[in-house]
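A.B. asks: Going line by line, the protein sequences match chains A and B. Residue numbers for the first sequence follow the working numbering, beginning at 1 and rising by one. Residue numbers for the second sequence follow the working numbering, beginning at 1001 and rising by one.
Treat the hints as calculated values from the structure; they're not laboratory data. A virtual CB, placed ideally from N, CA and C, is assigned to each residue, including glycine. Please note that the accuracy of each hint is not assured.
Calculated cross-link-like contacts (lysine-lysine; reagent style DSSO-like; alpha-carbon spacing at most 30 Å) [said to hold, decoys possible]: (1) B/K1047 with A/K169; (2) A/K137 with B/K1354; (3) A/K170 with B/K1046; (4) A/K170 with A/K137; (5) A/K169 with B/K1046; (6) B/K1534 with A/K169; (7) B/K1271 with B/K1204; (8) B/K1155 with B/K1048; (9) B/K1337 with A/K2; (10) A/K170 with B/K1534; (11) B/K1178 with A/K169; (12) A/K2 with B/K1256; (13) B/K1354 with A/K170; (14) A/K2 with A/K180; (15) B/K1532 with A/K170.
Which residues of chain A face chain B? A partial, calculated answer using Cβ under 10 Å [as the list claims (entries may be wrong)]: (16) V10; (17) A20; (18) L33; (19) M41; (20) Q58; (21) G67.
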Amino acid sequence: MKNDIILAGVGGQGILSIAAIIGYAAVNSGLYLKQAEVHGMSQRGGDVQSHLRLSSDQIASDLIPYGKADMILSVEPMESLRYLPYLGPEGWLITNTEPFINIPNYPPLEEIMQEIKKLPRHVALDAGSLAEEAGSKKAANVVILGAASLFLDIPYEGLEEAIRFLFGKKGDDLVELNLKALRTGRETAANKTVK
Amino acid sequence: MNTRLLLGDEAIAQAGIDAGMSGIFAYPGTPSTEITEYVRSSAEAKKKGIAANWAANEKTAAEQALGMSYAGKRAMTSMKHVGLNVAADVFLNASITGANGGILFVVADDPSMHSSQNEQDSRVYGRFAMVPILEPSNQQEAYDMVHLGFDISEKFQVPVMLRITTRLAHSRAGVARKEQRAQNQFSLPEDLKQFILLPAIARKRYQKLLDNQDAFHELSETSPYNQYLPGEDRSIGIVACGLAYNYLMENYPGRKVPHPVVKISQYPLPKNHIEKLYDECERIIVLEEGYPVVEEVLKGFMNLGKEINGRLDGTLPRTGELNPNLVGAALGFPQEKLAAIPDLVTRRPPSLCKGCPHIDSFLGLNEAIAEYGKGRVFSDIGCYTLSALPPYESINTCVDMGASITMAKGAADAGMHPAVAVIGDSTFTHSGMTGLLDAINDQSNITVLILDNATTGMTGGQPSSAFGRIEEICRGLGVEEDHIRVIKPLRKQHEENTRILKEELAYEGVSVIIPRRECIVTLNKRMRLKFKDKNKST
Chain A
1 MKNDIILAGV GGQGILSIAA IIGYAAVNSG LYLKQAEVHG MSQRGGDVQS
51 HLRLSSDQIA SDLIPYGKAD MILSVEPMES LRYLPYLGPE GWLITNTEPF
101 INIPNYPPLE EIMQEIKKLP RHVALDAGSL AEEAGSKKAA NVVILGAASL
151 FLDIPYEGLE EAIRFLFGKK GDDLVELNLK ALRTGRETAA NKTVK
Chain B
1001 MNTRLLLGDE AIAQAGIDAG MSGIFAYPGT PSTEITEYVR SSAEAKKKGI
1051 AANWAANEKT AAEQALGMSY AGKRAMTSMK HVGLNVAADV FLNASITGAN
1101 GGILFVVADD PSMHSSQNEQ DSRVYGRFAM VPILEPSNQQ EAYDMVHLGF
1151 DISEKFQVPV MLRITTRLAH SRAGVARKEQ RAQNQFSLPE DLKQFILLPA
1201 IARKRYQKLL DNQDAFHELS ETSPYNQYLP GEDRSIGIVA CGLAYNYLME
1251 NYPGRKVPHP VVKISQYPLP KNHIEKLYDE CERIIVLEEG YPVVEEVLKG
1301 FMNLGKEING RLDGTLPRTG ELNPNLVGAA LGFPQEKLAA IPDLVTRRPP
1351 SLCKGCPHID SFLGLNEAIA EYGKGRVFSD IGCYTLSALP PYESINTCVD
1401 MGASITMAKG AADAGMHPAV AVIGDSTFTH SGMTGLLDAI NDQSNITVLI
1451 LDNATTGMTG GQPSSAFGRI EEICRGLGVE EDHIRVIKPL RKQHEENTRI
1501 LKEELAYEGV SVIIPRRECI VTLNKRMRLK FKDKNKST
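Pulled out of the complex, with its shape left as it was, chain B reads as follows:
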């Protein structure tokens, strides 16, 4: 058997390669990044001609995937949970257009917010779009479900969501590969009007989606990934979704659970198994990673009938990811007293790397803005968000991709001056450009710092979509030439940089400052490779 040690992310990527996927489209975001990275570095994928390029954002990525599906081929788009907010427009409408070639939306949620600004649960979106959702409980299922997802997508001409969470995305285990499938041939949709969501057609397509719901239920009820596991002790019935199933099993040596269990890895919820469980047992405990999605469904608004326990009634914590101990406690296992962490152990938050160009940008900005007082810097999402922490404490907001420029504009329109936006080069092309256009059109009083480190740093150094073209874009959008200032964030240029920052902060109108110096991590990596090549050639 061909078994490899793969991260959950990598298992999904390898499965895509094996299941005849023709392309993957994505914007990097923890914990989803390694899916596309894996395909990009796979020699096999290259040989098969699988497209694997980073997109400007999750929406453009998902639309490319939908276009590939239109052309009859299998496509995957992967993103972190908040990335689906960006791609929500295409996701929800793609459920109406339906698919031609199979299309998978792989969404990696981040409960406990290890590397995110919220812990939203993508299953809510899946239900919203009324599409089948697959939620693997381990790396092997993650692999196998790609094949299944493409099958469902092509059979019912519907996008399918594959939902994972951080712990599966970034955990490694042995994964056995399945048979290789050929890619689809190019083919147009049978009905050339399928993808035209004019109201008259959209109503029909929507009806088709609704009509398919029974079939989706049937799929869930017969799915090998949804199981009813009998148990003698019916005082509790357990519903375990996705990864939570493992935490349940961890509590019972030899996996012998005395209670009936319904294991769920495919939605809509399998009615047959759950009804059986509800009828048999005195009360139900729902174990799920993320929001109490299943718990709410089972409980219902009126909360009539048997007791349903979970995150809503405090049986499990309302927030954060689960673990074996939390699940054990919920099931009534006494928890041993744990060794304490000695008091002297202090927090060690992440910080900007030594030599990071952002450090010099923020030291300059802090000095230049001091005369105006605190509270005027709108930031964005990337490594530079770490400037919120000591010793810099430079920024006042971090909300969603691109919000720095638009929030600064809104504040400027409210009379704040100066109002400063700080955004990275990659975030700028992701969602900042349109906001800058708004500011220019309204002649708002904002100063925008586009921190250009020539990469997407936080996620490990993926290429930045507008590498070398930031000034051109600003010029094209209409920023005045005199107010596009490129500076080099270096300690020795601190005085001059601060002076330029002060000038532009004082300016009334849109100004853009581009502190430009390569990310220290990608620079070091590049130098190491260069050194290695040099050694080879000599």
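Excised from the complex, chain A in its bound form:
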């Protein structure tokens, strides 16, 4: 078993939290993991990505080869497209539809959505609104993770347990909120993919 995942977003959007949740769950499932992160200058509002690799066998490279990713998981629509060369022929693109606009020449959202819809396997959802319904817009990253959970080879309960562990110190409210965000993301994605 292997899951090679590109996590994409803009510095500060919380992609490393997604990585931490998956990472915790993966290690608890007895899987090997490698996760390359971006620190430093790009974190100041630039494009950031993380290569997350899970496998039942030892993993060699910290970087996912081009054309081999099983999934691109993006908390920003334009950023989801930046990593298409990594996506494998059977890979899924799962993205937030809400743009993060901090550049003057951000392309029209409809055009971005057209590009996303060209992909045979994609899930696009408004994670910000769904997170808001769950209790806080800040949990948009966890909504995206919930959507991705359909395609991950780790049990859903493992992700829930990871959220309980990682957010536990910050209070029960935050745990509940994130569990709800995770559930919402998963259910919304399930409805979208079964049509």
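Fit chain B to the supplied structure of chain A, relying on the hints for placement.
C.D. replies: The following block gives chain B in isolation, referenced to the frame of chain A:
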């Protein structure tokens, strides 16, 4: 087994804690920052009394580490690759003095310049200093090599370099911990003259370093981290250094490489393995992260003998970090046609944060200097370097830590007026103060903006060494009281700030303007914590 998910940086830090290190000394710099951060936030390190304070710069840090080694204890100093330029004086001379307690120079290179101004390869420095270099290929080796490094350092009384690159520094994997070692007891060097590099002693110490070279070679040849892996297909022999080994393995499912491979993670180069490979194979491919250091050695000046492929002949790109695809292509694997990035995807460069005090400083400076025209602002290294990008486009240089003040001085001495230096508070204490003293002594015509956001911002908000003392330092160095101006970079004070900037730009002599407002990131962090504490107490 006690396995944790750690960044390469964190693995090194945890290993230091476990291997009986008594102190780590560093100045923050991507991708090395998390090493010291980890030790600083480790409860275990605190309990063990391990010193872990940020230093003013990499040189002062490395010298503190050397002092700790002199006192018989194990010390680590960590830095980014260009930080070793700053610490090069102590690094090269410490190879001559040698060590007492074990000392490790952990240097994190940044090929592809993700967060740096060049991609220099620290192995060149290691060779220059003629010390053993360890180059782990994964997080576990990074951990294990700290123990090994201290062992070598103490056995041969020599500093050891641990060289990593960004991709290992900032990648996480499971790391198993080794046995805990006690810290060394305080002990003076056996020979109290060992560290006096007067010529007569230095010549002897240098000879000792030279005499040890055979032993260092022997270590490399027997090291478990350098391996000869046999293969049937001898049309190619592969030398894979550090991280490049992983990219090699990624190309062969089940790690079954048909060619003979020499895996290298310890230098000087293991002659036995490489000679065997060279004798057996038709040609050699060298895979290494960084400069073609090994490739050049194998090729030699005269380039006689078998074909050696690598970065120099275009088998691999001359610049940038490697990846599985580049290595695959070099080995002749056909590369699949990749999906294209749609044209509409635009660049998203990093930018100053919303609410950043630097924004107001640069808006003021841009307006104040407009009448003199462009091309007069010498900058330095920090978040404020981002003012080079639109919409500010305020600065004209960014070279090395502290160069803003000294380059402005040089330009002023060439007749440029105004000549402006822009430098952050932390960079000022790192390497700016001495340059300011030069300007004062020569009465040069420069205007220095010390952007005081009370932190080392770019690397995540480490404490600034002269917090609250910038004016005192300027005064002490000899800047005239009337020309030390503190302003508050806020939108609503734009008019007044611009007026003050204009006055000081017009002044002939050294003037210092200190725009002072806390970094928005550290401020937000502080407020969140305060809010949390308040909630707790109620």
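A.B. asks: Holds or violated: A/K170 and B/K1534, Cα atoms, limit 30 Å.
C.D. replies: holds, 14 Å
A.B. asks: Any CB of chain B closer than 10 Å to the CB of A/M41?
C.D. replies: Because about 4 Å separates A/M41 from the closest Cβ in chain B, which is inside the 10 Å limit, the hint holds.
A.B. asks: Does A/K170 sit within 30 Å of B/K1532, going by the straight-line distance between their CA atoms?
C.D. replies: Holds - the C-alpha atoms of A/K170 and B/K1532 are around 9 Å apart, at most 30 Å.
A.B. asks: Using 10 Å as the Cβ threshold, decide whether A/V10 counts as touching chain B.
C.D. replies: Interface hint status for A/V10: holds (7 Å vs cutoff 10 Å).
A.B. asks: Checking one constraint from the list: CA of A/K170 to CA of A/K137, max 30 Å. Satisfied?
C.D. replies: holds, 17 Å
A.B. asks: Please work out if B/K1354 and A/K170 have their alpha carbons no farther apart than 30 Å.
C.D. replies: Holds, because 26 Å separates the two Cα atoms, which is no more than 30 Å.
A.B. asks: Would the hint linking B/K1337 and A/K2 be met if the CA-CA limit is 30 Å?
C.D. replies: It holds: about 22 Å lies between the C-alpha atoms, which stays within 30 Å.
A.B. asks: Report holds or violated for the interface hint on A/G67, using the least CB-CB distance to chain B and a cut-off of 10 Å.
C.D. replies: holds, 5 Å
A.B. asks: For the pair we were handed, B/K1155 and B/K1048, check the Cα-Cα distance against 30 Å.
C.D. replies: At roughly 24 Å apart (the allowed maximum being 30 Å), B/K1048 and B/K1155 satisfy the hint.
A.B. asks: Mind checking the alpha carbons of A/K169 and B/K1046 for me, to see if they're no more than 30 Å apart?
C.D. replies: holds, 22 Å
A.B. asks: Between B/K1047 and A/K169, does the CA-CA distance stay at or below 30 Å?
C.D. replies: OK: B/K1047 and A/K169 at ~22 Å, within 30 Å.
A.B. asks: Between the alpha carbons of A/K2 and B/K1256, is the straight-line distance 30 Å or under?
C.D. replies: Given pair A/K2, B/K1256 holds - Cα atoms ~19 Å apart, limit 30 Å.
The structure agrees with every numbered hint stated previously.
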